[in-house]
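J.: Listed below are the residues making up each chain.
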Amino acid sequence: MRKAITGHKAIAEAMRQIEPDVVAVYPITPQSEIAEYYADYVHNGLVHTELVPVESEHSALSACIGAAAAGGRVMTATSSQGLALMVEVLYIAAGMRLPIVMALANRSLSAPINIHCDHSDAYLARDSGAVQIFCENAQEAYDYTLMAQRIAEDMNIRLPVIVNLDGFTLTHTVQPVDLLEDEVAKKFVGECKQFSPLLDVDHPVTWGPFAMPDYYFELKRAQQAGMEAVPEVFRKVQEEFSKISGRQYAGFFEAYKLADAEYAMVVLGSTAGTAKMAVDELRARGMKVGLLKPWLWRPFPAEEIAEALRNVKAVAVLDRAFSFGTMGALFEDVASALYPLKQRPILANYIYGLGGRDTTVPELVRAFEELPKIRKTEWALRYIGLRE
Amino acid sequence: MAKLLGWRELPLGGVVTGGTAKELQKTGSWRAERPVWHEEKCIQCLQCWLHCPDDSVLVSGGKMTGFDYEHCKGCGVCAAICPKDAIEMVPERGGECAKP
Numbered sequence: 544m545r546k547a548i549t550g551h552k553a554i555a556e557a558m559r560q561i562e563p564d565v566v567a568v569y570p571i572t573p574q575s576e577i578a579e580y581y582a583d584y585v586h587n588g589l590v591h592t593e594l595v596p597v598e599s600e601h602s603a604l605s606a607c608i609g610a611a612a613a614g615g616r617v618m619t620a621t622s623s624q625g626l627a628l629m630v631e632v633l634y635i636a637a638g639m640r641l642p643i644v645m646a647l648a649n650r651s652l653s654a655p656i657n658i659h660c661d662h663s664d665a666y667l668a669r670d671s672g673a674v675q676i677f678c679e680n681a682q683e684a685y686d687y688t689l690m691a692q693r694i695a696e697d698m699n700i701r702l703p704v705i706v707n708l709d710g711f712t713l714t715h716t717v718q719p720v721d722l723l724e725d726e727v728a729k730k731f732v733g734e735c736k737q738f739s740p741l742l743d744v745d746h747p748v749t750w751g752p753f754a755m756p757d758y759y760f761e762l763k764r765a766q767q768a769g770m771e772a773v774p775e776v777f778r779k780v781q782e783e784f785s786k787i788s789g790r791q792y793a794g795f796f797e798a799y800k801l802a803d804a805e806y807a808m809v810v811l812g813s814t815a816g817t818a819k820m821a822v823d824e825l826r827a828r829g830m831k832v833g834l835l836k837p838w839l840w841r842p843f844p845a846e847e848i849a850e851a852l853r854n855v856k857a858v859a860v861l862d863r864a865f866s867f868g869t870m871g872a873l874f875e876d877v878a879s880a881l882y883p884l885k886q887r888p889i890l891a892n893y894i895y896g897l898g899g900r901d902t903t904v905p906e907l908v909r910a911f912e913e914l915p916k917i918r919k920t921e922w923a924l925r926y927i928g929l930r931e
Numbered sequence: 087m088a089k090l091l092g093w094r095e096l097p098l099g100g101v102v103t104g105g106t107a108k109e110l111q112k113t114g115s116w117r118a119e120r121p122v123w124h125e126e127k128c129i130q131c132l133q134c135w136l137h138c139p140d141d142s143v144l145v146s147g148g149k150m151t152g153f154d155y156e157h158c159k160g161c162g163v164c165a166a167i168c169p170k171d172a173i174e175m176v177p178e179r180g181g182e183c184a185k186p
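Going down the list, the sequences are from chains R and D. So the working numbering is basically just the index in the first sequence, starting at one, shifted up by 543. So the working numbering is basically just the index in the second sequence, starting at one, shifted up by 86.
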């Protein structure tokens, strides 16, 4: 059923269909609307969810951890500083292998304080052990929220999954979104699979125990195995979802006009939509350009991305956040992925769109047009839309 | 000490099944003070057994019979709760998992 709704409403609708046992949230711009929609569903009796209005994001994720260890299906949502406050607990959720799905309405981190989009919040959680998925539009945000539940709860994975959607650009704009019928969505998501739930009092367990130097390392290695299990499950879940939705999700990234491209761009989130327009404009003028838009960022699908970019002459990698003191995080991922190749494309790293700065089609066209002039990969940042 | 397990053998998230820690970890050596039971003052109310956080008060046939010094960490809850001062906390000397 096609509806004209915001990204937030799309996420809330997916949550309504998933109907978690517990949702613990704290309001923050631009995320708050997800919680507001969901609170309506709870109080109008559409879902039987325990909605926990906590006193901070630290408590929100802590409540989620408790509820997930107890055996419940749990979800939350946040943005920016809220995620920053959650991060301490996010590492614990991942280490305890708890399948918590959260929407992250991407917003810049302070200071200076700003409520608009960039990816500094997602980058902050980069090494937390959470799976991270990026969405280009509200449709993908809806689809991947449903898929995230299956990925998180897979017994070989059991990790938190963050579904990123650009704050305001996607969360507050009305777009056409095809929603699955409730029964179809519910059947796809399935029943919550449990592992040693705390509420099973006949089989008492300790969750979150202390580990000394003799066991900590092995437990973290096992956690890495959870991440390593993601790609295979991701593909299976995509295949199944494509069948029920009629939308084609195949692979860890979308390759747009990339097959014969000489120059490519790699970008996360909604700017991929802008980049597609830039690609079309340049293609019309005869320049062979293409786009690679990762859906899955953590774990990073390095081999597949290297394969997709191996024949291009140069790649612009766009980061919507600094990793202060070094190159952009996505650039470093792509550079590492390409390193094993004998013949590597030239790379250029662009920082763009911080604090909600608009990135336009002409700016991305210029970035593409700059690529043939770049003679070698340099350890130097370039900028899109920055005043000197 | 049991044989150390490889990473593939560990339960998800390090979840520990009830009762297993007792066999793997002897924590009695952490103790700075040991509880000493004065049987003649004991009225068998079992408050010490009820309050012990480490299940280290030994009970047989419904009666308190002493302490499991391999796991008692010497927290002193039993001595504090005892209504008849039948448990005395005595400084440990030596540091080994002392035998009763």
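What the hints contain is simulated information worked out from the structure, not anything from laboratory work. Be a bit skeptical, because a hint or two may be false.
[Unchecked claim] Cross-link-like lysine to any residue pairs, in silico, SDA-like; alpha carbons within 25 Å at most:
| # | chain 1 | residue 1 | chain 2 | residue 2 |
| --- | --- | --- | --- | --- |
| 1 | D | 108 | R | 756 |
| 2 | R | 885 | D | 106 |
| 3 | D | 89 | R | 761 |
| 4 | R | 736 | R | 798 |
| 5 | D | 89 | R | 751 |
| 6 | D | 89 | R | 762 |
| 7 | D | 159 | R | 919 |
| 8 | D | 89 | R | 755 |
| 9 | D | 112 | R | 919 |
| 10 | R | 885 | D | 95 |
| 11 | R | 763 | D | 133 |
| 12 | D | 159 | R | 758 |
| 13 | D | 112 | R | 752 |
| 14 | D | 112 | R | 746 |
| 15 | R | 763 | D | 159 |
J.: Confirm or reject each hint.
T.: For each hint, the structure was consulted:
1. D:108 with R:756: holds (19 Å)
2. R:885 with D:106: violated (52 Å)
3. D:89 with R:761: holds (14 Å)
4. R:736 with R:798: Status violated; Cα separation ~33 Å.
5. D:89 with R:751: Given pair residue 89 of chain D, residue 751 of chain R holds - Cα atoms ~22 Å apart, limit 25 Å.
6. D:89 with R:762: Between residue 89 of chain D and residue 762 of chain R the Cα gap is close to 16 Å, so the pair holds against 25 Å.
7. D:159 with R:919: violated (64 Å)
8. D:89 with R:755: Holds, at about 15 Å.
9. D:112 with R:919: Not OK: residue 112 of chain D and residue 919 of chain R at ~61 Å, beyond 25 Å, violated.
10. R:885 with D:95: At roughly 39 Å apart (the allowed maximum being 25 Å), residue 95 of chain D and residue 885 of chain R break the hint.
11. R:763 with D:133: violated (41 Å)
12. D:159 with R:758: Given pair residue 159 of chain D, residue 758 of chain R holds - Cα atoms ~22 Å apart, limit 25 Å.
13. D:112 with R:752: holds (16 Å)
14. D:112 with R:746: holds (23 Å)
15. R:763 with D:159: Answer violated: residue 763 of chain R to residue 159 of chain D is near 29 Å, above 25 Å.
Consistency with the previously given hints fails for numbers 2, 4, 7, 9, 10, 11 and 15, ordered from lowest to highest.
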